[in-house]
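Q: Sequence:
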Amino acid sequence: MNSIDDKDTTWGRIQHYGDELWDQVRTRGDSFWYECRDQTTLPPFSLGEVAEILGVSGSYLRQLSIDGLGPKPELGTAGRRSYTLRQINELRNYLASARPKEALKFCPRRRPGEKQQIISVVAGIARTTTTFYLAQTLALQGFRVLAVDLDPRGSLSAMFGYISSLPLHNGSMYAPLRFDSDRASIRSVILPTNFDGLDLVPGSAELGLFGEECGRRYINEGYSYPDASLRMVEAFKEVEADYDVVVIRCGGSSFLNAGAFEAATGVLMTVQPHLTEIASMSMHLKCFSHTVSLIEKVGRSLNYDFIKFLVTRHDPHDVSEQEMVALLRGSLGKDLLTATVWESAAIREARRKKRSLYELSSGTVGRSAYEKAMETLNATNAEVMDIISEIWGRPPIYVSRASRSTTAGN
Numbered sequence: 001m002n003s004i005d006d007k008d009t010t011w012g013r014i015q016h017y018g019d020e021l022w023d024q025v026r027t028r029g030d031s032f033w034y035e036c037r038d039q040t041t042l043p044p045f046s047l048g049e050v051a052e053i054l055g056v057s058g059s060y061l062r063q064l065s066i067d068g069l070g071p072k073p074e075l076g077t078a079g080r081r082s083y084t085l086r087q088i089n090e091l092r093n094y095l096a097s098a099r100p101k102e103a104l105k106f107c108p109r110r111r112p113g114e115k116q117q118i119i120s121v122v123a124g125i126a127r128t129t130t131t132f133y134l135a136q137t138l139a140l141q142g143f144r145v146l147a148v149d150l151d152p153r154g155s156l157s158a159m160f161g162y163i164s165s166l167p168l169h170n171g172s173m174y175a176p177l178r179f180d181s182d183r184a185s186i187r188s189v190i191l192p193t194n195f196d197g198l199d200l201v202p203g204s205a206e207l208g209l210f211g212e213e214c215g216r217r218y219i220n221e222g223y224s225y226p227d228a229s230l231r232m233v234e235a236f237k238e239v240e241a242d243y244d245v246v247v248i249r250c251g252g253s254s255f256l257n258a259g260a261f262e263a264a265t266g267v268l269m270t271v272q273p274h275l276t277e278i279a280s281m282s283m284h285l286k287c288f289s290h291t292v293s294l295i296e297k298v299g300r301s302l303n304y305d306f307i308k309f310l311v312t313r314h315d316p317h318d319v320s321e322q323e324m325v326a327l328l329r330g331s332l333g334k335d336l337l338t339a340t341v342w343e344s345a346a347i348r349e350a351r352r353k354k355r356s357l358y359e360l361s362s363g364t365v366g367r368s369a370y371e372k373a374m375e376t377l378n379a380t381n382a383e384v385m386d387i388i389s390e391i392w393g394r395p396p397i398y399v400s401r402a403s404r405s406t407t408a409g410n
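As numbered in the UniProt record's numbering, residues 1 to 410 make up the sequence shown, in order.
I should point out that these hints are in silico values taken from the structure, not numbers from a laboratory.
Computed from a prediction, not measured in an experiment: that's the story for all the values here.
One or more hints might be untrue.
[What the hints assert, rightly or not] Using 27 Å as the maximum straight-line C-alpha spacing, the simulated BS3-like pairs for lysine-lysine come out as follows: (1) K297 to K237; (2) K105 to K115; (3) K105 to K297; (4) K101 to K115; (5) K101 to K72.
Build out the structure end to end from the sequences listed, making use of the hints.
A: Right under this line is the structure:
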């Protein structure tokens with residue numbers, strides 16, 4: 001290692017300090033890898049919940065169990081049946097085989113010729129929880145999902161129970177993007193979650209290095225846009241056969257986000273219905289537009305299947321927020337999702353505990369608050385799933401199913 005005296009520039013001395021400390025910390029962090037904060041298991045789903053998820057009656061599922069068809073549920077108090085998510089997916093396969101005319105309903109994985117959907121959740125309030133619940137809902141509905149955390153602080157990863165107190169070597173999306181000989185396959189950083197069918201590419205502090213490296217290349221190569229975006233596209237191509245949907249929680253680095261923008265087939269932007277937040281979203285859109293223009297200037301056109309906007313942390317009883325939603329709808333039209341995610345103490349409490357609502361009992365946050373939170377999340381995610389269905393040439397079924405479920409619960 002060179003001494004500070006060898007550095008003849010101010011920036012060189014500063015970089016030396018940073019490199020030296022990073023190497024020391026990384027060396028000690030390599031052995032820790034990503035440690036799951038709490039090996040929680042997803043609680044089993046009641047027969048009624050499974051019936052709602054699959055879109056069949058509880059009596060039908062009960063009869064299947066009695067007849068010994070499909071996976072064997074766990075029998076609890078008073079003979080109450082419950083299924084794990086893995087068993088729900090086994091039920092999907094059984095029902096798709098037993099009722100082939102409804103195979104798409106039960107097993108919605110993409111068929112040959114259907115394009116993998118890569119959804120980038122871009123800068124906006126509640127983007128971590130939006131990514132988190134969208135990925136989980138997709139997995140619950142039978143899609144194979146990869147969630148990607150581009151946040152150097154690992155906010156999405158923490159929600160899945162993965163934490164990193166130290167920078168890890170090749171422990172994030174940085175591994176398949178980096179420019180040196182340590183570049184590795186995206187497969188080497190994919191981690192399982194407690195949701196069957198849902199995997200995670202975690203975020204860590206080393207993602208900050210990527211933005212720094214891209215910035216240097218951008219300046220040193222005459223302000224030409226680096227090939228960082230193509231590297232992310234290539235990484236997702238490598239696992240294209242393994243997943244139906246990729247959901248990306250965009251980060252703070254413009255170069256990381258550029259990769260997410262180029263890889264994406266669709267974009268979802270969140271906004272809270274306050275004038276200051278709408279102004280902030282407007283600025284984010286300008287940055288988004290500028291980044292896309294730079295990519296297109298080098299001859300790579302971006303043609304998204306959709307760009308949609310989601311109102312989140314919404315108090316529907318607040319008159320001023322009603323006015324802001326009307327303003328957004330007037331400006332964005334059909335590109336603003338119809339449903340909104342309501343301000344919810346239940347969602348906040350689950351986030352504080354770094355848990356999903358699916359991992360908490362209704363008693364933990366209050367039954368009424370729990371049910372209202374699930375209703376509002378299911379409604380917005382159903383719209384996204386219908387968009388995916390229409391892109392694949394399928395009939396939209398999820399919004400109508402969510403509406404029937406809400407009506408039945410009232």
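Q: Taken at face value, is the distance from the CA of K115 to the CA of K105 at most 27 Å?
A: holds, 18 Å
Q: Is the Cα-Cα distance between K101 and K72 27 Å or less?
A: holds, 24 Å
Q: Holds or violated: are the alpha carbons of K101 and K115 at most 27 Å from each other?
A: holds, 22 Å
Q: K105 and K297: Cα distance at most 27 Å?
A: The given pair, whose Cα atoms are some 42 Å apart, is violated under the 27 Å limit.
Q: Within 27 Å, alpha carbon to alpha carbon, are K297 and K237?
A: holds, 23 Å
Going down the numbered hints, you'll see the structure goes against just number 3.
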